[in-house]
Structures are given as structure tokens and as C-alpha cells.
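2 protein chains.
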Amino acid sequence: MEKIGFIGLGLMGKPMSLNLVKAGYSLVVHSRSQGPVDELVAAGAVAARTPKEVAEESDIVITVLPDSPDVEKVVLGENGLVAGFSAGDLFIDMSTIEPKVTLEIHSALSEIGVDAIDAPVSGGDIGAQQGILSIMVGASESAFSRALPLFEVMGKNIVRIGEAGAGQTTKACNQILVAQTIQGVAEAMTLAKKCGIDLTKVRNALLGGFAQSRILEVHGQKIIDRNFEPGFKTELHRKDLNIVLQTARALGVSLPGTALVAENMNALIAQGLGKKDNSALALLCEQLSNI
Amino acid sequence: MEKIGFIGLGLMGKPMSLNLVKAGYSLVVHSRSQGPVDELVAAGAVAARTPKEVAEESDIVITVLPDSPDVEKVVLGENGLVAGFSAGDLFIDMSTIEPKVTLEIHSALSEIGVDAIDAPVSGGDIGAQQGILSIMVGASESAFSRALPLFEVMGKNIVRIGEAGAGQTTKACNQILVAQTIQGVAEAMTLAKKCGIDLTKVRNALLGGFAQSRILEVHGQKIIDRNFEPGFKTELHRKDLNIVLQTARALGVSLPGTALVAENMNALIAQGLGKKDNSALALLCEQLSNI
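Chains as they are written, first to last, in the working numbering: chain A, 964 to 1254; chain B, 964 to 1254.
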């Protein structure tokens, strides 16, 4: 069994790495905060002090980090993975970052004989805990085959979209769609609320027709319950939409609906609501309409 | 068994009325075009020359018409239903119209002892043919009980949301959500296309996660197939969004995402694409991005 390094033990990374330990893998872990590291060590993992050390001790290294600069630093920075990797090792980035940065890292690692995979996920912390994440993979076929047993521990709907970068592009598409669907649910619920009709009945009626979506199911219920605890923080979704809009701009693609939702998220963040769930878009709709 | 009048035998009304005939109801029908009337007569229905005549011959009258003025004319206009109804009759409007007009009609009919129900639907022509429409009902409890056996022939997810008008408000919520979800699918597919990745794999990956929706399933596939035949015409969806935005404006509700999609539909109509399916929003995204 290959030895696995795991860097980034946050809301997503911690349950994902715990599932690997439970599946019998030997893990070497590293994270900014000590708490999750201690939890993983208690579960049977070994702690390493730097990404370099993680790479030295592992055959395959997985990262689950917040943003593009974090991944860049962990891989290419001082005491980074690149200093510890040996030819034949495999790097799997499951963070959501810019496709451009993914390709830069891919190219830097291929020079030292290390294959790189981009495999961002969807499904939230609950999907991570239950090992049922949706995983969107950009990889060569051989690298994908090697990583697949690990993906099958962490996820359920695992699709190899294409070569390096294709996973990040697909995640960008995912965030476009999720953003606009939540905005739609938020506007629908706001109109229903203003009309004084029963929001639960509206949600149920809409779930039975063409408007059905997992987001209406989950975020619709959160809005009804006035429960805006994450879930997925608005500031993280806005970060993802920045990636989307930067990528689109570089490619010459216009995304007016996505830009509008990103602006609404900017407003929520400006009001100190960035740590609330992205369903807090409903709060902004209510505020705009003086409800 | 009560005698049923049915007015409006278009893309939706024809299969809905045929299902009632098949279920054993006696139908009196009326429509602008002769073709569908002949089809219904061949199936066992009786044709009437005016809405007034339909009301005279029926206990319950159902309308499935394109827009608010059509319903207003059929009910309150010359030789309208109101001239043929008797006290104790029931009126069921399954069109998508302004909640304000619904309430006007409700009030005019209640003066002559006729109960009125608003029961717009979702699920498209396929849902109408298969008798699996989602039906959103605004009605008194007694009127709802009387109409329920008919709804059960035409639909599957039948929810009484509240009193008169609540059905139309819920349909407005439905159209808000459907519009923005299609715009999201269109933008996601446009970005994926520009990146040159496999759209079918993107759709499959997204269907397995939080971005799952019936619209990604159906409209995503239509966009992949470059099949923009309706389905639901852009010009009819734009009409519904006009109702939504007028209603919202009257209530003092701001719906920025909905307004953006309505404008995109205006552009499609300006370009002569109003009779294409609403998934043609993808064509506009491509045009904006010069793809």
C-alpha cells in the first residue's frame, strides 16, 4: 500500500484524511493549526513539520487548501513539496484554485518526474464526512488509475474530465451553477415571504417540478429555518467566483449572471456576513426589498 | 360525474384535456385553432362556439391560456364564461398569469356564486402528456377538494399553497428559479466549451454534486445536443418573467438576478430567437463571448 501525505486539515481536509486513515492507509499529515493534527495523530497518522518532510515520507501527497497562493507556497515555496519529492511520486491537489496555477505546478513537477492531478470536490463538509464527495479530475489516464483507490475512499461520483487543469475548470463550472441557483432560490423565497405564503409549501411544490435542485432542497430549507451557519462560507464561495471570473476574463468569456452573484457576495462580506453560509444571499434580497 | 369545460388547447392544454377524456370525463371544449378542437372531438369531447356556451354546458371550467389578457377576455369579455356560469359552478385557471388579475377574476366570480381556483403548472409539455405535472394551487379548502380528482388526472405533485392567488405567486417563484438555473447552466457550459473540455463529462460530474438540478439534466443535455427546439419557448418564459417583475415591483421586491435573465431573453427575442427553447440562453452566452 502506498504511503500517503496529506496537507490541509480544515473543514474538508480533516474528514477526508480521517476517511483514508479508517480505510487503512498510512498517513503523514501537516496543517497550519495544531488541533486537527493532534486529532489525526490520535487516529493513527504521523505528523510532519514541513511540506518537504511530508513529501520525503510519502509516495502520494494530497493537498486540500483554501486558495491558489496557499497551494503555490506549499508546493513551490521554502521547504515545499518540490524539495522533498522523488521521481515517480504523485501529487494530488483537491483544493479549488485557478486552472492557470494548476498548470504552472503541473509543469514544475513534471520537470522532476512527478505527476500532478487536479481533483477539486463538491459536496460540502457533510459529503467529506460521509465519503460521498463528487470529485472532478484532471489527470493523465495512468495517474488517474493510481489515484482512483484513494478517490473511492473520499468520494462517490468520480469523473475524469480530461488532462491536467480540466478538474479545476469543471469546478469553476460547478461554482457558476451553484451560485446562480442559490441566488434564484433566495429571490424566490423573498417574493414568497413578501406575499405572506407558506415557504415550506412553496419549497415542496417547486421540488416536484422543473425547478427541482439539490440546492432548493438544502439551501431552501436553510433559508426557511433562518439557519445561515455554514455549510459553505460566503467568503469562500466569493473566492471561488473570483477564480471563475479571472479565468473567464483571461479566456475572453462573459459571465454576467455569475458576476452579479459575486457582487451580491461582496455586499454580504462588506456587511460582515462573509462567514455566514452562502444561502445568506437571501438576507441581501430581503435587505434590498426592505423586508 | 361532473361535466367539465376546457378552454385553450395549446401545447399544454391539449394533452391535459386529452388525459381528462381518457379518464372518462365528459368534456366541452373551445379553442382559437380548429385543429386541436377536431382532435378532442375525435377523442369524444363536444365542441362549443364560445366560452359562454362552455360555461352553460359545464359544472367546472378549466382554462389553459397564454397570458393575463387572454384569461380576462375569456372570463369577463363578450360571450365570456361569466355570462354562462350558474351559482355553484367552479372555475379553475391553470394558466400562468398575474396574481393581481387572478384576484380580480376571483372577486368578479364570487359575486355570482362561482368559486375560483388558480392552479398554474410546471413540468412542460412532456409533463402534460404523461399526466405528471406539478400543480401549485391557490383555493379555499372546499374548492380544492372538489378539484382534486381532476388535478390527479393531470398531475402528480399537487400542493395547495394557500387561498386564491397563492398558486400564481408560487408559479412566479418557480419561474424565478428556473430562469436563473438555466442561466447558470448556460454560463457553465459556455466556459467549459471555451476551455475545450468534454461537456458531457462536465454535466455528469456536476449532476453528482451540489449543482444537481433537473434543469442541468434536461437543459444541459439540450445545450450539449445543440437542440434548441421547445420545450418551453423563450418568449413565453419572458412573458412569465414580465409577470414576476411586475408583481415584484408592485409589492416592492427587488429581483436583480431575475431581471438580468429577463434582459437576456429580451435580447434573444430581439434576434428572432424567441420561439427557441429557453435553453437558447446558452446561444446568447456564446455570442457575448464571441464563441
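Note that these hints are calculated values from the structure, not bench results. Misleading hints may appear alongside valid ones.
Note that identical chains are pooled: a pair holds if it fits in a single copy or bridges any two copies.
Said to hold, decoys possible - Below 20 Å or equal to it, Euclidean Cα-Cα: the simulated PhoX-like pairs (lysine-lysine) are:
hint	residue 1	residue 2
1	LYS1063	LYS1202
2	LYS1202	LYS985
3	LYS1238	LYS1063
4	LYS1157	LYS1119
5	LYS1063	LYS1156
6	LYS1202	LYS1164
7	LYS1196	LYS1156
8	LYS1036	LYS1157
9	LYS985	LYS1238
10	LYS1036	LYS1119
11	LYS1063	LYS1157
12	LYS1119	LYS1164
13	LYS1196	LYS1238
14	LYS1238	LYS1036
15	LYS1036	LYS985
16	LYS1015	LYS1196
17	LYS1036	LYS1164
18	LYS1036	LYS1063
19	LYS1238	LYS966
20	LYS1036	LYS1202
Taking the hints in turn, this is what the structure says about them:
no.	hint	result
1	LYS1063 / LYS1202	within (15 Å within a copy, 41 Å between copies)
2	LYS1202 / LYS985	neither (31 Å within a copy, 55 Å between copies)
3	LYS1238 / LYS1063	neither (27 Å within a copy, 39 Å between copies)
4	LYS1157 / LYS1119	neither (40 Å within a copy, 28 Å between copies)
5	LYS1063 / LYS1156	between (43 Å within a copy, 17 Å between copies)
6	LYS1202 / LYS1164	neither (34 Å within a copy, 25 Å between copies)
7	LYS1196 / LYS1156	neither (24 Å within a copy, 29 Å between copies)
8	LYS1036 / LYS1157	neither (48 Å within a copy, 29 Å between copies)
9	LYS985 / LYS1238	neither (31 Å within a copy, 56 Å between copies)
10	LYS1036 / LYS1119	neither (30 Å within a copy, 54 Å between copies)
11	LYS1063 / LYS1157	between (44 Å within a copy, 15 Å between copies)
12	LYS1119 / LYS1164	between (31 Å within a copy, 15 Å between copies)
13	LYS1196 / LYS1238	within (5 Å within a copy, 40 Å between copies)
14	LYS1238 / LYS1036	neither (24 Å within a copy, 52 Å between copies)
15	LYS1036 / LYS985	neither (29 Å within a copy, 68 Å between copies)
16	LYS1015 / LYS1196	neither (30 Å within a copy, 58 Å between copies)
17	LYS1036 / LYS1164	neither (49 Å within a copy, 31 Å between copies)
18	LYS1036 / LYS1063	within (15 Å within a copy, 59 Å between copies)
19	LYS1238 / LYS966	neither (35 Å within a copy, 58 Å between copies)
20	LYS1036 / LYS1202	within (18 Å within a copy, 52 Å between copies)
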